[in-house]
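Each chain, written out:
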Amino acid sequence: MENVIKTSVAIIGGGPAGMAAAIAAREAGVSDILILERDDSLGGILRQCIHGGFGLHTFGEELTGPEYAARYEARVREMGIDFMLNTMVIELHKDKTVTAMSSERGIFTVKADAIVLAMGCRERPKGALGISGTRPAGIYTAGLAQKFVNMKGYMPGREVVILGSGDIGLIMARRMTLEGAKVHAVCELMPYSGGLARNIEQCLNDYNIPLKLSHTVTAIHGKERLEGVTVSAVDENRRPIAGSEEYIKCDTLLLSCGLIPENELTVSCGIDMDRVTGGAIVDGDRQTSEEGIFACGNVLHVHDLVDYVSEEAVIAGRAAAEYALQGGVAKGDLIKVKIVTDGKIRYTVPHILHKAEDTTVYFRVSDVFRDKKIVARLGDRVILSKRKLKLAPGEMETVKLSAKDIAEAKVGEIRLSLEEV
Amino acid sequence: MERKLTCIICPRGCDMTLYLDDGKLISVDGNACPRGKTYAEDECTHPKRSVTSTVRTESGRLQPVKTSAAIPKELVFACMDEINSVVAPDGLSIGDAVISDVLGTGVDVVVTGKAI
Amino acid sequence: MFDVAVIGAGVVGGLVARALVKNGMRVVILEKESDVALGATRANSAIVHAGYDAKEGSLKAKLNVRGSEMMESVCAELGVKYKRCGSMVVGFSEEDRETLAALLKRGESNGVRGLKLLSGEEARKIEKNLGDGVSCALHAPTGAIVCPYELCMAAVGNAIDNGAELRLEFKVDKIERANGGFIIGAADKSVSARYVVNCAGLYSDEVARLAGDDGFTVRARRGEYILLDKECGDHVGSTIFRCPSKMGKGVLVTPTVDGNLLIGPTAEDIDDKTDLSTTAAGQARVRALASEQVKGINFGKTITNFTGLRAGGSTGDFIINVTEDGFVNAAGIESPGLSASPAIAEYVCELLSGVGAPLKEREDFVPTRRPMHYFKELTQEEKNEIIKEHPEYARVICRCELVTEGEIIEAIRTEPRPVTVDGIKRRTRATMGRCQGGFCTPYIVEILSRERGIDYLDVTKSGGKSFLNISRTKEKLWKNNENANNSLHNKAKTVKNADGGNA
Chain A
1 MENVIKTSVA
11 IIGGGPAGMA
21 AAIAAREAGV
31 SDILILERDD
41 SLGGILRQCI
51 HGGFGLHTFG
61 EELTGPEYAA
71 RYEARVREMG
81 IDFMLNTMVI
91 ELHKDKTVTA
101 MSSERGIFTV
111 KADAIVLAMG
121 CRERPKGALG
131 ISGTRPAGIY
141 TAGLAQKFVN
151 MKGYMPGREV
161 VILGSGDIGL
171 IMARRMTLEG
181 AKVHAVCELM
191 PYSGGLARNI
201 EQCLNDYNIP
211 LKLSHTVTAI
221 HGKERLEGVT
231 VSAVDENRRP
241 IAGSEEYIKC
251 DTLLLSCGLI
261 PENELTVSCG
271 IDMDRVTGGA
281 IVDGDRQTSE
291 EGIFACGNVL
301 HVHDLVDYVS
311 EEAVIAGRAA
321 AEYALQGGVA
331 KGDLIKVKIV
341 TDGKIRYTVP
351 HILHKAEDTT
361 VYFRVSDVFR
371 DKKIVARLGD
381 RVILSKRKLK
391 LAPGEMETVK
401 LSAKDIAEAK
411 VGEIRLSLEE
421 V
Chain B
1 MERKLTCIIC
11 PRGCDMTLYL
21 DDGKLISVDG
31 NACPRGKTYA
41 EDECTHPKRS
51 VTSTVRTESG
61 RLQPVKTSAA
71 IPKELVFACM
81 DEINSVVAPD
91 GLSIGDAVIS
101 DVLGTGVDVV
111 VTGKAI
Chain C
1 MFDVAVIGAG
11 VVGGLVARAL
21 VKNGMRVVIL
31 EKESDVALGA
41 TRANSAIVHA
51 GYDAKEGSLK
61 AKLNVRGSEM
71 MESVCAELGV
81 KYKRCGSMVV
91 GFSEEDRETL
101 AALLKRGESN
111 GVRGLKLLSG
121 EEARKIEKNL
131 GDGVSCALHA
141 PTGAIVCPYE
151 LCMAAVGNAI
161 DNGAELRLEF
171 KVDKIERANG
181 GFIIGAADKS
191 VSARYVVNCA
201 GLYSDEVARL
211 AGDDGFTVRA
221 RRGEYILLDK
231 ECGDHVGSTI
241 FRCPSKMGKG
251 VLVTPTVDGN
261 LLIGPTAEDI
271 DDKTDLSTTA
281 AGQARVRALA
291 SEQVKGINFG
301 KTITNFTGLR
311 AGGSTGDFII
321 NVTEDGFVNA
331 AGIESPGLSA
341 SPAIAEYVCE
351 LLSGVGAPLK
361 EREDFVPTRR
371 PMHYFKELTQ
381 EEKNEIIKEH
391 PEYARVICRC
401 ELVTEGEIIE
411 AIRTEPRPVT
421 VDGIKRRTRA
431 TMGRCQGGFC
441 TPYIVEILSR
451 ERGIDYLDVT
461 KSGGKSFLNI
471 SRTKEKLWKN
481 NENANNSLHN
491 KAKTVKNADG
501 GNA
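Chains as they are written, first to last, in this note's numbering: chain A, 1 to 421; chain B, 1 to 116; chain C, 1 to 503.
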């Protein structure tokens with residue numbers, strides 16, 4: 001049937017994760033790979049991230065988002081990897097078929113030997129924040145404002161308040177300022193920022209934009225277009241403190257309150273999910289609970305740097321290639337090590353290990369911690385201890401587990417905790 | 001005199017302490033690499049920043065650009081004015097200069113991506 | 001001269017207009033907003049009540065039961081989503097049980113079929129997530145849900161398709177009697193009509209006053225709601241009400257026809273008829289009350305909260321009457337107004353006939369309308385047939401609700417035609433999903449701008465001054481387009497392959 005396309009490795013999403021996974025799969029020897037991208041160009045969200053700060057780890061130099069994406073796109077093209085643009089995947093099935101639609105082909109099926117999920121993430125919308133007040137125009141997620149300004153050439157507003165100090169919010173504070181807007185404040189509910197320290201320095205401090213920690217927006221005013229917001233200080237339980245209200249006149253409220261992995265396809269396919277990350281539960285190969293379906297990038301867990309997205313995508317792409325080339329052989333059950341965390345460490349990726357090989361484990365912490373050590377234990381034995389002067393929820397951390405320790409753990413647990421020095 | 005400074009050179013964002021004498025940098029603490037010290041020196045004498053933005057192209061599209069190197073911080077808004085008054089010819093690709101030697105800084109404003 | 005001017009394009013106005021057109025009247029619908037369905041119709045509980053609530057003998061009781069009977073076929077004709085999911089009133093005490101028994105009696109005397117009193121245990125067999133404190137329930141299998149603004153848009157659209165006219169941004173400020181009819185004015189505009197039907201919702205008292213009737217007032221009653229993600233849509237299968245008691249009326253927890261979970265409303269009488277704000281206290285109250293009725297609601301899956309204003313009439317009953325010269329009030333249409341709306345339309349026709357309006361059913365009236373969501377219901381083959389001809393039906397604009405450019409364009413070209421982003425939202429569900437327009441808003445603005453021939457900057461969220469964007473970047477370039485192009489073009493010296501800092 002002409003409406004079924006067969007491929008070895010199908011990759012859902014042509015952003016930084018999808019492209020890096022495709023390149024890795026090709027390098028691992030797979031000849032037919034197909035990237036399905038819903039936008040009209042490869043690159044994903046990097047296309048609108050025209051600021052710098054990308055690529056220091058991967059390329060040893062600081063690139064803007066479009067430059068970073070262009071390098072991968074050039075590789076994809078050089079290698080002759082197939083991709084379909086304006087193609088939206090609408091269903092994912094356990095038998096490793098996906099249903100997609102595009103203007104050129106209509107609704108069609110892709111049948112793959114292995115699938116890599118690389119759909120990225122989206123921003124948390126206002127509704128989820130439950131701010132009271134009216135619902136006028138002028139309230140946007142920071143990424144939406146970024147799209148208006150950087151890709152459409154329109155200014156969504158002139159007098160701006162930003163809620164949430166995630167990196168996109170910080171970047172947009174500077175961007176709006178450079179384009180002539182006045183950013184009155186960035187409010188952060190938590191006592192610390194979720195963004196990178198360098199972005200607070202170069203996006204806020206450089207332009208004297210106040211960062212109000214332990215503050216939130218408690219009311220929205222204005223009937224048609226936003227006219228102002230009420231900002232309140234919050235107590236240690238993040239509840240607004242009566243009497244601390246301050247009215248800020250503004251026509252725009254940008255929200256930078258977190259990112260959510262876009263896992264509708266993953267969930268509907270019945271893949272096991274991690275409630276903390278909002279992504280799939282994966283092993284060291286980034287294989288999900290469904291054999292032959294892998295996940296990487298922000299769809300798996302929200303990353304702080306695109307460089308780590310690429311790194312993770314290489315693992316997933318290579319493993320997907322291996323799986324496809326071996327004709328879909330399952331991993332053995334000889335090794336099945338669960339990584340358990342203590343709450344201060346909120347989650348790890350991978351969650352489970354099926355191979356005794358040196359493995360980098362990525363994680364995030366739940367609060368700002370100073371001078372602590374990260375400890376990994378196998379039974380009572382400390383297999384790793386690493387001191388860190390500062391840990392923050394906004395930044396991803398890593399530890400490296402050795403092949404030997406994993407082999408020894410076999411089907412047991414490795415416990416990861418944050419302890420006093 | 002001491003001054004606290006967050007390094008912006010890489011995402012690590014080191015918290016540095018600068019020890020100054022009469023405005024002159026004596027030593028730096030907290031930097032994980034030598035680039036931090038260079039940054040601290042620049043911040044004390046002549047702070048610099050890179051600028052990223054978009055330019056309009058002849059056919060009315062938007063094309064992302066950046067300064068090919070950091071420019072003096074006080075020229076950032078003037079540089080934005082230059083960027084916002086230029087019309088780039090169509091068909092430029094990554095690395096092509098849209099403005100050469102912007103504001104006499106010796107730095108070019110160059111294309112960073114496809115026009116959209 | 002029109003035969004009838006219907007003031008107000010809410011669900012009542014829409015169905016009244018349609019019924020009148022069906023009966024051969026030339027109808028004009030006058031609406032003060034930039035779109036239809038923007039008053040009480042926009043935000044309410046979306047419930048078709050079974051009819052046990054309203055006092056025996058009241059207009060509310062009579063029209064609720066009749067309307068509820070008519071609703072399914074009206075929705076079928078108009079292609080509006082309707083689901084008979086049943087409803088349950090839950091009680092927590094012996095006293096509540098007595099109240100429920102009284103409701104059962106009242107319902108039966110109102111003519112509601114299938115009512116049954118259940119124990120807590122029996123109720124939990126039907127609804128496993130009922131709160132632990134629930135000890136009794138009244139089950140009403142005829143309770144149903146519908147999308148109120150969809151019903152309104154479809155009714156107005158169908159009326160227009162059959163010859164009615166719609167005048168938007170027509171805020172009636174004058175009603176005069178002249179030449180054996182009425183002249184209805186709005187600022188510098190006016191229309192004349194032999195008869196007038198006042199369906200102005202919250203403002204129906206003010207409209208009545210313009211026509212010389214100051215016999216009633218309408219007050220805004222604010223109701224706050226919380227809408228949860230579709231993931232939670234099956235948390236309950238039917239609409240769960242709380243037994244009215246000294247403690248108040250409680251809130252309802254209900255699935256919606258689109259698969260979300262809707263919770264609310266609060267009830268607060270306010271003076272400002274435009275106050276659509278939500279409050280921290282109201283939201284907290286909704287959460288607390290709902291959690292007693294239904295356990296395990298995951299409020300972390302909230303996608304939006306909103307406020308609706310009900311039009312509470314001063315008589316306690318619907319205020320539907322007619323003057324000898326043909327001015328009809330259909331006012332004070334609060335709950336169960338949506339349920340009653342088809343019956344209200346029928347009743348208004350009777351009243352007009354009674355004062356001599358020559359109503360006669362048209363043979364050429366087309367009662368049906370293609371569902372707004374028809375594309376979604378097609379088979380893959382059928383969709384592919386359409387996509388072959390119109391590739392825009394495969395271009396997904398709203399990813400969360402899977403709405404294509406083709407569907408959006410079609411919505412823009414279908415009466416009543418939307419001009420705002422929210423108008424597109426209510427017709428296609430685009431921006432209504434999990435990301436709440438975070439991705440697709442710029443594309444929708446683009447399509448609206450192109451299809452309706454309005455500047456990108458002039459596109460609004462919901463009419464008036466609700467502009468989405470304030471200016472262009474690089475404004476200078478746009479302002480002096482010609483000059484700028486020439487002088488600046490020279491300035492743009494291009495150095496090919498210069499060192500881009502990528503070395």
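I should point out that these hints are in silico values taken from the structure, not numbers from a laboratory.
Treat each hint with caution, since some may be false.
[To be verified] Which residues of chain C face chain B? A partial, calculated answer using Cβ under 8 Å:
#1 I470
#2 K474
#3 K476
Just so you know, these numbers come straight off a predicted model, no measurement behind them.
Ideal Cβ positions, reconstructed from N, Cα and C, are used throughout, including at glycine.
We went through each hint and held it up to the structure:
1. I470: This hint is violated: C:I470 lies away from chain B, its Cβ roughly 16 Å from the closest one there, beyond 8 Å.
2. K474: 5 Å, holds
3. K476: Holds, about 6 Å.
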